[in-house]
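Turn these sequences into a full structure, and let the hints guide you.
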Amino acid sequence: LAKTTQPISMDSYEGQEVNITCSHNNIATNDYITWYQQFPSQGPRFIIQGYKTKVTNEVASLFIPADRKSSTLSLPRVSLSDTAVYYCLVGEGAGNNRKLIWGLGTSLAVNP
Amino acid sequence: NAGVMQNPRHLVRRRGQEARLRCSPMKGHSHVYWYRQLPEEGLKFMVYLQKENIIDESGMPKERFSAEFPKEGPSILRIQQVVRGDSAAYFCASSPETAIYGYTFGSGTRLTVV
Numbered sequence: 017l018a019k020t021t022q023p024i025s026m027d028s029y030e031g032q033e034v035n036i037t038c039s040h041n042n043i044a045t046n047d048y049i050t051w052y053q054q055f056p057s058q059g060p061r062f063i064i065q066g067y068k069t070k071v072t073n074e075v076a077s078l079f080i081p082a083d084r085k086s087s088t089l090s091l092p093r094v095s096l097s098d099t100a101v102y103y104c105l106v107g108e109g110a111g112n113n114r115k116l117i118w119g120l121g122t123s124l125a126v127n128p
Numbered sequence: 359n360a361g362v363m364q365n366p367r368h369l370v371r372r373r374g375q376e377a378r379l380r381c382s383p384m385k386g387h388s389h390v391y392w393y394r395q396l397p398e399e400g401l402k403f404m405v406y407l408q409k410e411n412i413i414d415e416s417g418m419p420k421e422r423f424s425a426e427f428p429k430e431g432p433s434i435l436r437i438q439q440v441v442r443g444d445s446a447a448y449f450c451a452s453s454p455e456t457a458i459y460g461y462t463f464g465s466g467t468r469l470t471v472v
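These protein sequence lines are chains A and B, in that order. Position in the first sequence counted from 1, then plus 16, gives you this note's numbering. Position in the second sequence counted from 1, then plus 358, gives you this note's numbering.
None of these hints come from the bench; they were simulated from the model. From the three backbone atoms N, C-alpha and C, an ideal C-beta is built for every residue, glycine too. Hints are supplied without guarantee of correctness; some may be wrong.
Chain B regions said to be covered by chain A (calculated; three or more residues, Cβ under 8 angstroms) [said to hold, decoys possible]: (1) 397-408; (2) 461-469.
Only pairs whose alpha carbons sit at most 35 angstroms apart, straight line, appear in this in silico DSBU-like list of lysine-lysine [what the hints assert, rightly or not]: (3) A:19 / B:402; (4) A:115 / B:429; (5) B:420 / B:409; (6) B:385 / A:70; (7) B:402 / A:68; (8) B:402 / A:85; (9) A:85 / A:70; (10) A:68 / B:385; (11) B:429 / B:385; (12) B:420 / A:19; (13) A:19 / A:85; (14) B:409 / A:19; (15) B:402 / B:420; (16) A:115 / B:409; (17) B:420 / B:385; (18) B:385 / A:19.
Here is the structure:
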């Protein structure tokens, strides 16, 4: 199972674009990259998942370079409510999400 | 259209007592997963269940912990003879048969053993 490395914390201001980069040097061919968001005292919430290149939804974008050894979660124009912990997970296929290894995530603080 | 419902939200037990944590999956979801999050640690997978079947319990401690998902009613995570080290947040997640878009998590049960 691929291990991920991401910054422990980040600071930002309202209205800025925030990019959180995750390293996963030993990602396997079958592995997908998944990001979750967790607010205090709540369960994680699925944000986005991708395999290669770029994925975009109504919440965020996920950029994955050709070698797939890293990925970047991009949050456009953050607001105070985006203050949360963001987890990058790498694991085999979409159907085996339970095998994903959860690290400590990146604690994002959005300031006014 | 309720999401994953967990109860109780907070549970306090004395050492040696039993803890029962309940999880009702999201409507239309037939797969349930239990995770544990210790303070200052990431989530750790415990068990994966479908109705009346345990599919994968590779993350469950060998003793004192059990889980079920009966034909009727919520999934139950049961911890017998709790110890202080069991204090943690326990999250339940559910998914439809094909979890293409990740899991839907509940708000968790915070177990405190005193």
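Verification of the supplied hints:
Counting residues of the region 397-408 of chain B whose CB falls under 8 angstroms from any CB of chain A gives 7; the rule of at least 3 is met. Beta-carbon proximity to chain A at under 8 angstroms applies to 7 residues in the region 461-469 of chain B; the threshold of 3 is reached and the given coverage holds. Only pairs whose Cα atoms come within 35 angstroms are accepted, and residue 19 of chain A paired with residue 402 of chain B is accepted, the gap being roughly 14 angstroms. Between residue 115 of chain A and residue 429 of chain B, the direct Cα distance comes to roughly 25 angstroms. Compliance with the 35 angstroms bound is thereby established for this hinted pair.
The straight-line distance between the Cα atoms of residue 420 of chain B and residue 409 of chain B is roughly 22 angstroms, inside the 35 angstroms bound, and the hint therefore holds. Simply put, residue 385 of chain B and residue 70 of chain A have alpha-carbon atoms about 31 angstroms apart, close enough for the 35 angstroms limit, and the pair holds. Restraint check: the Cα-Cα separation between residue 402 of chain B and residue 68 of chain A comes to about 26 angstroms, which is no more than 35 angstroms; the hinted pair holds. Taking the CA atoms of residue 402 of chain B and residue 85 of chain A, the gap is near 23 angstroms; set against the 35 angstroms cutoff, the hint holds.
Among the hinted pairs, residue 85 of chain A with residue 70 of chain A is consistent with the structure: their alpha-carbon atoms are about 14 angstroms apart, no more than 35 angstroms. With a C-alpha separation of about 31 angstroms, the suggested pairing of residue 68 of chain A with residue 385 of chain B holds against the 35 angstroms cut-off. The suggested pairing of residue 429 of chain B with residue 385 of chain B holds, with an alpha-carbon distance near 14 angstroms, which does not exceed 35 angstroms. For the hint linking residue 420 of chain B to residue 19 of chain A, the alpha-carbon distance of about 25 angstroms falls within 35 angstroms, and the restraint holds.
At most 35 angstroms may separate the alpha-carbon atoms for a hinted pair to count; residue 19 of chain A and residue 85 of chain A meet this at roughly 11 angstroms. Taking the CA atoms of residue 409 of chain B and residue 19 of chain A, the gap is about 32 angstroms. The hint holds against a cut of 35 angstroms. Distance check on the hinted pair: residue 402 of chain B and residue 420 of chain B sit about 15 angstroms apart at the alpha-carbon level, within 35 angstroms; holds. For a cut-off of 35 angstroms, the pair hint linking residue 115 of chain A to residue 409 of chain B stands: about 20 angstroms separates their Cα positions.
Distance check on the hinted pair: residue 420 of chain B and residue 385 of chain B sit about 31 angstroms apart at the alpha-carbon level, within 35 angstroms; holds. A hinted pair counts as satisfied when its Cα atoms are at most 35 angstroms apart, and residue 385 of chain B with residue 19 of chain A qualifies at roughly 33 angstroms.
Taken one by one, the earlier hints all hold for this structure without exception.
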